[in-house]
Each structure stands twice: as C-alpha cells, then as structure tokens.
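Please take these sequences and the hints and turn them into a complete structure.
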Amino acid sequence: MGAKSRYVIVRLASVISGATRVWVRERTADKAAAILFDPAIGRECLFEESQRVKGKANLPNNIMGEPIVEPVPPATNELALGSIAAAIAVVVLMTLIIVVLKFLKGKPKNTFLFVGLSDSGKTQIYSKLIKRDSEYPTYTSMKENVYDKFLSPNGMNYRLVDYPGAERLRRGLYDNWLNSELNTIRGIVFVIDSSTFNKKLRDVAELLYDVFYQLKAHNHFSAPILVVCNKQDNSLAKTEKVISAALEKEFGLINVSRGAALSSTDGGTSTRVLTNTKDEFKWGDLRLKDCSFVPTSAVPDNNFDLEPVVKWIDSH
Numbered sequence: 001m002g003a004k005s006r007y008v009i010v011r012l013a014s015v016i017s018g019a020t021r022v023w024v025r026e027r028t029a030d031k032a033a034a035i036l037f038d039p040a041i042g043r044e045c046l047f048e049e050s051q052r053v054k055g056k057a058n059l060p061n062n063i064m065g066e067p068i069v070e071p072v073p074p075a076t077n078e079l080a081l082g083s084i085a086a087a088i089a090v091v092v093l094m095t096l097i098i099v100v101l102k103f104l105k106g107k108p109k110n111t112f113l114f115v116g117l118s119d120s121g122k123t124q125i126y127s128k129l130i131k132r133d134s135e136y137p138t139y140t141s142m143k144e145n146v147y148d149k150f151l152s153p154n155g156m157n158y159r160l161v162d163y164p165g166a167e168r169l170r171r172g173l174y175d176n177w178l179n180s181e182l183n184t185i186r187g188i189v190f191v192i193d194s195s196t197f198n199k200k201l202r203d204v205a206e207l208l209y210d211v212f213y214q215l216k217a218h219n220h221f222s223a224p225i226l227v228v229c230n231k232q233d234n235s236l237a238k239t240e241k242v243i244s245a246a247l248e249k250e251f252g253l254i255n256v257s258r259g260a261a262l263s264s265t266d267g268g269t270s271t272r273v274l275t276n277t278k279d280e281f282k283w284g285d286l287r288l289k290d291c292s293f294v295p296t297s298a299v300p301d302n303n304f305d306l307e308p309v310v311k312w313i314d315s316h
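Just so you know, our numbering puts 255 at position 255 of the sequence shown, and the rest follows in order with no gaps.
Mixed in with the good hints, there may be bad ones.
[Said to hold, decoys possible] Here are the simulated DSS-like pairs of lysine-lysine, each with C-alpha atoms no more than 25 Å apart in a straight line:
{"id": "1", "residue 1": "K107", "residue 2": "K200"}
{"id": "2", "residue 1": "K199", "residue 2": "K282"}
{"id": "3", "residue 1": "K149", "residue 2": "K216"}
{"id": "4", "residue 1": "K278", "residue 2": "K311"}
{"id": "5", "residue 1": "K54", "residue 2": "K31"}
[Claimed, not checked] Cβ-Cβ distance ranges computed for the label pairs, FRET-style:
{"id": "6", "residue 1": "I97", "residue 2": "D203", "range": "26 to 36 Å"}
{"id": "7", "residue 1": "E248", "residue 2": "V91", "range": "19 to 29 Å"}
{"id": "8", "residue 1": "T95", "residue 2": "T140", "range": "12 to 22 Å"}
{"id": "9", "residue 1": "K200", "residue 2": "P300", "range": "17 to 27 Å"}
{"id": "10", "residue 1": "F150", "residue 2": "D279", "range": "18 to 28 Å"}
{"id": "11", "residue 1": "E248", "residue 2": "S118", "range": "19 to 29 Å"}
{"id": "12", "residue 1": "L96", "residue 2": "T140", "range": "44 to 54 Å"}
By construction, these hints were calculated from the structure, which means they are not laboratory data.
C-beta: ideal position from N, C-alpha, C; glycine also.
This is the structure we're talking about:
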C-alpha cells in the first residue's frame, strides 16, 4: 500500500442551492470553504466542504478519473442557524397573516341596540323578546343589559343590547356602541313612550338627533333604524304618524338652535349640526336607507303587541 498523498480532493457545496464544485486541499488542513460563483442562483455565495473524494494516491488520476464518493459529515453550524432563522421567519409571517385576516374579518355584525329615554319601555320590550311570557320588574339601570343568545324566527342568533336611558350615561353610548362597536350593530331600535310624548318631545328629539349624528359622523347611515312608538295600549298615546311629524319639526328647530350656538362660539358653521336645512328639515334630508316608525305595546291587547319589532329583527 503506497504512501498517502499530501493532498485530498473534496467536494464543496453551495449553502444556498446545494450546487457542488471540486476542490483540492492539504490532507491535514481544516475543511475547506470558499466564495465561488453559484450558477444556480447566478451570483457568488459561500461554498463549504461537504464530501471527500476517495481514490488512489496519484492525485492527477483521481481528478481525471471517476471518483468514489465517501460521505463526510459536513460543517452544519451555519446551515443549522440559517434553517432556524428561516423557520422563525415563516412562523412570524404566518402569525401576521392570521392577525391581518382576523382584522379584516372584524367582529360579527349581530347586535340589535335598544336606545331611548328612561321609562320608555326599552327593558320591558327587551325582556319580552327574550322570553315572551316574562313579567320581569324593570328599574333604572346604570349598565347595559346584554343577551347573546337571541334566536330570531328565521333561525339566526343575535345579540340584544338594552342601553340605559339616563342622560349622564350618554357618553358611553356615543363612545362605545355608536363608535368603537358600531361595526357590530345590525340595527338600532329607538323606543319612545307614546303616552308621554308631548311632555318629553324635546328630550326624545335631542337623543334621536344625536344618534343620527353619530351615524353621520362615522359614515354609517346604512344602519337600519326602527323607531318604536311604544305603550299604544295607553289612551293618551300618540300615533306613529303624529310622532314622526313632530320629531321632523323638532329636528328643524334643533338644527337652528345648535347652528346658532356654534356660530356664536367659533364664528363658523360646524359639522356637528345634522343637516344644513335648518328649520325646513325633512326626513328625506338624511337619505336614510332603512328607517321606519311602528306602533307597539309590551302589554298586548287586541290592536297592539311586539310583533312589528320581532318581524323587523327577523327581516334584518
């Protein structure tokens, strides 16, 4: 057996594409590495020793002849680090994709929001919708009632939210349900006590005006609105037509009063006014896509019940 050659033939592999090149190094030297042109990617990159070619001691013959490949464990530290970095990048990318998809999908639009002054009958209607035969005592609440499992006649599952009518809680209504949660609103049910409407006309109009303004401010006039003229079982109750006409006129007066107050303070016209039609306001000025007035009673009699509310929810 002849003496071993001072040199050995090794195969270098691209750390990117795996393309190989033949290389010669001293037998006692460290494993070879070099910056070479990689034809697979069209540019230079790092090649590292991956195999040693075994053959006769005669070096030229080994190079020219058909070599016998003897696998040698490659130096894989850099490759391992590269693989880990690639795996981390994939995980981060997938996480970002999931977050973006969830953001684009957003929260489900499944909430029917009940709004109105205190004592308008909101909570009684809310309770009756949840359980038709219920006779729950109602009281002035400081927090909204939320029911997530309302099943409509068409088989859809909705969330009902009964928001308190107290004036000091209005900011929560405007900042939360008519702002940050507005995209979850499927419809707004505005409840009016028809039996005391004449005495509370201005207060009712102010609240409904502000609800419309919030929808306008957030470009959400597409939200369906049902104005429920409740307590029609009372002999003093005003009809839905009378209430609609009175509110239309009152909206014009609010336009004028708010416009005058704002002009006197800042010297200009403010967009906080619902329309620029002043006292000539008409419902058509709002260009609402879906707004209707219906007569109801949470205490059913021969003429009135909550069926208009149930049908409206079912159709939306």
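Results for each hint:
1. Between K107 and K200 the alpha-carbon distance is near 36 Å, which puts this suggested pair outside the 25 Å criterion.
2. A distance of roughly 22 Å separates the Cα atoms of K199 and K282; the hinted pair therefore holds under the 25 Å criterion.
3. About 30 Å separates the Cα atoms of K149 and K216, which puts this hinted pair outside 25 Å; it is violated.
4. Distance hint between K278 and K311 is unfulfilled; the C-alpha atoms sit about 35 Å from each other, more than 25 Å.
5. Among the hinted pairs, K54 with K31 is consistent with the structure: their alpha-carbon atoms are about 15 Å apart, no more than 25 Å.
6. Distance hint check: the CB atoms of I97 and D203 are about 50 Å apart, inconsistent with the given range 26 to 36 Å.
7. In this structure the supplied range 19 to 29 Å is violated for E248 paired with V91, their Cβ-Cβ distance being about 59 Å.
8. Under the hint 12 to 22 Å, the C-beta atoms of T95 and T140, about 46 Å apart, miss the expected range.
9. Checked against the given bound of 17 to 27 Å, the beta carbons of K200 and P300, roughly 24 Å apart, stay inside it.
10. The hint said 18 to 28 Å for the Cβ distance between F150 and D279, and at roughly 40 Å that hint is violated.
11. Checking the proposed 19 to 29 Å range against E248 and S118 shows it holds: the Cβ atoms sit about 24 Å from each other.
12. Roughly 47 Å separates the CB atoms of L96 and T140, a value that falls within the hinted 44 to 54 Å.
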